[in-house]
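Asker: Here is what each chain is made of, one letter per residue.
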Amino acid sequence: MSAPDYSKQGYKEIIVTLDGAVLTILMNRAKYRNTFTNQIWADLVHVFDLCDRDDRVHVVILTAEPTAPAYCSGAELAKGWSELWDKDAEKEGEHAHRDTGGILSMTIYRCRKITIAAVNGHAAGVGMTALQLPFDFRFAWAGAKLTFPFVRRGIVPEATSSYLLPKLLGTSRANSLLLTGSTVSPDSFYIKDLYHQILPTREAVYPAAKALADELATQTSQLSIAYAKALIQHPGESVEENHLLDSRAMKILGASPEGEEGVASFKERRAPKFPGRLSKDSSLWYPWWRRADITHRKSKL
Amino acid sequence: MSAPDYSKQGYKEIIVTLDGAVLTILMNRAKYRNTFTNQIWADLVHVFDLCDRDDRVHVVILTAEPTAPAYCSGAELAKGWSELWDKDAEKEGEHAHRDTGGILSMTIYRCRKITIAAVNGHAAGVGMTALQLPFDFRFAWAGAKLTFPFVRRGIVPEATSSYLLPKLLGTSRANSLLLTGSTVSPDSFYIKDLYHQILPTREAVYPAAKALADELATQTSQLSIAYAKALIQHPGESVEENHLLDSRAMKILGASPEGEEGVASFKERRAPKFPGRLSKDSSLWYPWWRRADITHRKSKL
Amino acid sequence: MSAPDYSKQGYKEIIVTLDGAVLTILMNRAKYRNTFTNQIWADLVHVFDLCDRDDRVHVVILTAEPTAPAYCSGAELAKGWSELWDKDAEKEGEHAHRDTGGILSMTIYRCRKITIAAVNGHAAGVGMTALQLPFDFRFAWAGAKLTFPFVRRGIVPEATSSYLLPKLLGTSRANSLLLTGSTVSPDSFYIKDLYHQILPTREAVYPAAKALADELATQTSQLSIAYAKALIQHPGESVEENHLLDSRAMKILGASPEGEEGVASFKERRAPKFPGRLSKDSSLWYPWWRRADITHRKSKL
Numbered sequence: 009m010s011a012p013d014y015s016k017q018g019y020k021e022i023i024v025t026l027d028g029a030v031l032t033i034l035m036n037r038a039k040y041r042n043t044f045t046n047q048i049w050a051d052l053v054h055v056f057d058l059c060d061r062d063d064r065v066h067v068v069i070l071t072a073e074p075t076a077p078a079y080c081s082g083a084e085l086a087k088g089w090s091e092l093w094d095k096d097a098e099k100e101g102e103h104a105h106r107d108t109g110g111i112l113s114m115t116i117y118r119c120r121k122i123t124i125a126a127v128n129g130h131a132a133g134v135g136m137t138a139l140q141l142p143f144d145f146r147f148a149w150a151g152a153k154l155t156f157p158f159v160r161r162g163i164v165p166e167a168t169s170s171y172l173l174p175k176l177l178g179t180s181r182a183n184s185l186l187l188t189g190s191t192v193s194p195d196s197f198y199i200k201d202l203y204h205q206i207l208p209t210r211e212a213v214y215p216a217a218k219a220l221a222d223e224l225a226t227q228t229s230q231l232s233i234a235y236a237k238a239l240i241q242h243p244g245e246s247v248e249e250n251h252l253l254d255s256r257a258m259k260i261l262g263a264s265p266e267g268e269e270g271v272a273s274f275k276e277r278r279a280p281k282f283p284g285r286l287s288k289d290s291s292l293w294y295p296w297w298r299r300a301d302i303t304h305r306k307s308k309l
Numbered sequence: 009m010s011a012p013d014y015s016k017q018g019y020k021e022i023i024v025t026l027d028g029a030v031l032t033i034l035m036n037r038a039k040y041r042n043t044f045t046n047q048i049w050a051d052l053v054h055v056f057d058l059c060d061r062d063d064r065v066h067v068v069i070l071t072a073e074p075t076a077p078a079y080c081s082g083a084e085l086a087k088g089w090s091e092l093w094d095k096d097a098e099k100e101g102e103h104a105h106r107d108t109g110g111i112l113s114m115t116i117y118r119c120r121k122i123t124i125a126a127v128n129g130h131a132a133g134v135g136m137t138a139l140q141l142p143f144d145f146r147f148a149w150a151g152a153k154l155t156f157p158f159v160r161r162g163i164v165p166e167a168t169s170s171y172l173l174p175k176l177l178g179t180s181r182a183n184s185l186l187l188t189g190s191t192v193s194p195d196s197f198y199i200k201d202l203y204h205q206i207l208p209t210r211e212a213v214y215p216a217a218k219a220l221a222d223e224l225a226t227q228t229s230q231l232s233i234a235y236a237k238a239l240i241q242h243p244g245e246s247v248e249e250n251h252l253l254d255s256r257a258m259k260i261l262g263a264s265p266e267g268e269e270g271v272a273s274f275k276e277r278r279a280p281k282f283p284g285r286l287s288k289d290s291s292l293w294y295p296w297w298r299r300a301d302i303t304h305r306k307s308k309l
Numbered sequence: 009m010s011a012p013d014y015s016k017q018g019y020k021e022i023i024v025t026l027d028g029a030v031l032t033i034l035m036n037r038a039k040y041r042n043t044f045t046n047q048i049w050a051d052l053v054h055v056f057d058l059c060d061r062d063d064r065v066h067v068v069i070l071t072a073e074p075t076a077p078a079y080c081s082g083a084e085l086a087k088g089w090s091e092l093w094d095k096d097a098e099k100e101g102e103h104a105h106r107d108t109g110g111i112l113s114m115t116i117y118r119c120r121k122i123t124i125a126a127v128n129g130h131a132a133g134v135g136m137t138a139l140q141l142p143f144d145f146r147f148a149w150a151g152a153k154l155t156f157p158f159v160r161r162g163i164v165p166e167a168t169s170s171y172l173l174p175k176l177l178g179t180s181r182a183n184s185l186l187l188t189g190s191t192v193s194p195d196s197f198y199i200k201d202l203y204h205q206i207l208p209t210r211e212a213v214y215p216a217a218k219a220l221a222d223e224l225a226t227q228t229s230q231l232s233i234a235y236a237k238a239l240i241q242h243p244g245e246s247v248e249e250n251h252l253l254d255s256r257a258m259k260i261l262g263a264s265p266e267g268e269e270g271v272a273s274f275k276e277r278r279a280p281k282f283p284g285r286l287s288k289d290s291s292l293w294y295p296w297w298r299r300a301d302i303t304h305r306k307s308k309l
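Protein chains in written order, with this note's numbering: chain A, 9 to 309; chain B, 9 to 309; chain C, 9 to 309.
Looking at chain A on its own, in the form it has when it is part of the complex (with noise of 0.2 Å):
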């Protein structure tokens, strides 16, 4: 894939800007409390996925302004619900409707970069679920309002909230945050073990996500980073399967040149210069799990 251009990509709702190997991602909806509509969710979409398959691009930022109201205060309301629905879905039924938030969920899992939120004011609703569980890291502003409200609301915990935060936090923590619905800030004992740092303004948030972004970029190897993201997704059911699987991932990439330079900078005490990029360098045997499909409005479990 030829580099693509961020800024040609006619996003309508979110403005993004590469920096060496770092992608920002700023929610661009600050008036509207930065509400979720179909049209910044196929923004971010399209983002994730194309940054996705940029070599350029190692670390995935999102925020917003400092300055809005909200980070995220969850789906736009004005017309209840009835936005979600495909109308075409409408018509096959209950199983084919497709979930937006969930949908966004999975391709920011399955994105092969390490991706950051950075929660710089309040979050509900899809602004802690698809805007937070499936990033590799969260850094959060201390003063955050934070809220599942979903029970509150006549609905369910969606954007695969329920598969992603009790692997996150464990059961207990999760129950305490999908059942009651109650806000909570970064600092509550019932969340806190989300965030990989918690700052105690609005305005540092950004800068420490970004800190810890360009170490990374810097000082990670690409393919590493997206072979471990795997191994950790898709784990092995037992310890003898994780043994095999990543038996060979070390087999795939210590043999290599990554691995090569790994030691290499290691030894030399000096930063790496890894060569590898996903592209190119990936073997045929990743990815070696298979998805349900979830394409066809018809297939169900």
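Bear in mind the hints are in silico, worked out from the structure with no lab data behind them.
Here are the computed lysine-lysine pairs in the DSS-like style, where the Cα-Cα straight-line distance is at most 30 Å: (1) A:Lys275 <-> C:Lys99; (2) C:Lys175 <-> C:Lys200; (3) B:Lys288 <-> A:Lys87; (4) B:Lys200 <-> C:Lys200; (5) A:Lys175 <-> B:Lys153; (6) B:Lys281 <-> A:Lys153; (7) A:Lys281 <-> C:Lys153; (8) B:Lys95 <-> C:Lys275; (9) A:Lys39 <-> A:Lys200; (10) B:Lys175 <-> C:Lys200; (11) C:Lys39 <-> A:Lys275; (12) A:Lys39 <-> B:Lys275; (13) B:Lys200 <-> A:Lys153; (14) B:Lys153 <-> B:Lys39; (15) A:Lys200 <-> C:Lys200; (16) A:Lys200 <-> B:Lys153; (17) A:Lys281 <-> C:Lys95; (18) B:Lys200 <-> C:Lys218; (19) B:Lys218 <-> B:Lys153; (20) C:Lys99 <-> A:Lys288; (21) B:Lys200 <-> A:Lys175; (22) B:Lys175 <-> A:Lys175; (23) A:Lys87 <-> A:Lys20; (24) A:Lys87 <-> B:Lys281; (25) C:Lys20 <-> C:Lys153; (26) B:Lys99 <-> C:Lys275; (27) C:Lys275 <-> C:Lys288; (28) C:Lys200 <-> A:Lys218; (29) B:Lys175 <-> B:Lys153; (30) A:Lys218 <-> A:Lys175; (31) C:Lys153 <-> B:Lys175; (32) C:Lys288 <-> C:Lys218; (33) B:Lys87 <-> B:Lys39; (34) B:Lys275 <-> A:Lys20; (35) A:Lys20 <-> A:Lys218; (36) C:Lys39 <-> C:Lys16; (37) C:Lys16 <-> C:Lys288; (38) A:Lys16 <-> A:Lys39; (39) B:Lys218 <-> A:Lys153.
Once you have looked at the hints, place chains B and C on chain A.
Answerer: Frame of chain A; chains B and C shown alone:
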């Protein structure tokens, strides 16, 4: 189901009170340290099954007298473990035994209502497992002595605790509790993540649990809770499978009067009045998962 | 199996001492920072396999000299990763490789005795994975520098760490450790839940581990520990399946002299003297699970 009268069920070792939508079950064996017998087991299994099907009940609290010497000090051991064996099952072999603690644990875990354990005294054995782990929320008295003593008694962690505890806390903390059999207090770092709230006095535990119960009974949807619990307990084996499940649940509830009331009450900044009731408004799709058969004594893995 | 003499096994890089029912394995490569070589790997795999079958052993502790520069500073990299490749396996293709760290990790994980890692120095790479994660308990020196450096070395988290660490801590903390490769101390909130106890000095680590070992060796049942570990590691895919498993384990042990002694010692308020030994008293039902075949080089997923 017509509304059952909980005072006429012939319970011998529990006292059951319905206050609005909150059902409180008081264990009434204080003079025996609330030890677990076949009678209290039968009472508890019956009441959790009954309130699961009673539309009036939104939240269930299990508690003990705060003046009792213990919340539950484990199985009654006057006759050793042999009280646990069913004489008929004995004839069919070791695979025919069904642990009573586990049957209660599953009954509580499957209850579609919000379940809260108000642990206002010491707890050991089944008092830690079936009487705490399958609940959605646990409240505890800070001075409680808590122990999973199984490995010190020549038996094993029972009542599905080897399934539930690692999911609740992660295996590092679960090992520290289950494999030492040590006695800890609720604010110990081994166990504190198990509790939604820890209270300084025994007397404060039930009121705190009741306050959450009352809030959730008025603010949350009975249908949303049932579906959310099901999504957390049966999350799909991958994000893709989970997406198919939560998409369908979103469509079923979001397009129903339940979701409409959720949006309307939110916009009107008032408490919701959810119309849904499990007995008449649950989709035919729910439950979507299958259960291993445990009824017949010959069923095994 | 007759009682093996651990001093006559020809170990070259470990020193093994049996004190009562507690076996201590001392890594003896202090002058090489206890780096991981094929020799120490072979010694460790052998001794963990041996003590698993030695009825005298109830608890196993792995530790290092507190004066060593590190508990284990990772793989010996004098020749790069190539030391890791088996020349015969090379010929069969990338799928034939079997990670040595993983083989050790599985050997420790499967050990039916209580296992404790007494981490009295810095740890990196395999010193964090195989030499810590598969153990039941980890004790650490507060000043230890800990790192999972894989993504900074062009390789992947190995030794089944992508399976074990997320289960131990949840994926939020596992990501913060595995995907950054940062160096942390044991009381960092990223990793502290990994440790059963954190000690202020290097010299205090082994005695603390030994104190727990001595207590558990006298207070717990060898059979209970083996079954409890198995239930935690192989918990059944649902509460129902788990109920079938723990019911059967309860019946096997509870109706045996092991369970009888557990009740008798409890009632008599004395230390138990459990008669059971794994070599002669384990049920034919144990182990009840199957293993993926990893022995043949062509076996794969």
